[in-house]
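Using the sequences and the hints given, assemble the complete structure.
The numbering used here runs 424 ahead of the 1-based position in the sequence shown.
Please keep in mind that the hints were generated in silico from the structure rather than gathered at the bench.
Only pairs whose alpha carbons sit at most 30 Å apart, straight line, appear in this in silico DSSO-like list of lysine-lysine:
hint : residue 1 : residue 2
1    : 432       : 466
2    : 508       : 496
3    : 508       : 432
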Amino acid sequence: MKTWVQHKSNDGGMVSGYWEATPGTYHATYTEYEFVHIIEGKLTITPDGGASVFLGSGDAFVVEPGFRGLWKIEETIRKHFCSKV
425 MKTWVQHKSN
435 DGGMVSGYWE
445 ATPGTYHATY
455 TEYEFVHIIE
465 GKLTITPDGG
475 ASVFLGSGDA
485 FVVEPGFRGL
495 WKIEETIRKH
505 FCSKV
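See the structure below:
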């Protein structure tokens with residue numbers, strides 16, 4: 425996984441940039457909102473106890489605070505993100 429931070433707000437409360445990951449699976453826990461736009465690649469997100477969602481190039485979504493689940497990177501992915509930290 426690689427992260428390129430392009431901007432941080434003056435108060436440090438918001439950050440945006442790019443994130444890239446190669447195929448694999450990891451369990452994620454979110455404590456804040458994150459807006460995601462997938463630039464390239466494919467992944468399946470499965471919330472703990474929920475249904476899987478397949479996402480790919482061009483898709484955009486928001487991850488809510490409290491999300492817990494698996495991110496399965498199917499094909500090397502690059503996303504643009506904006507997060508409250």
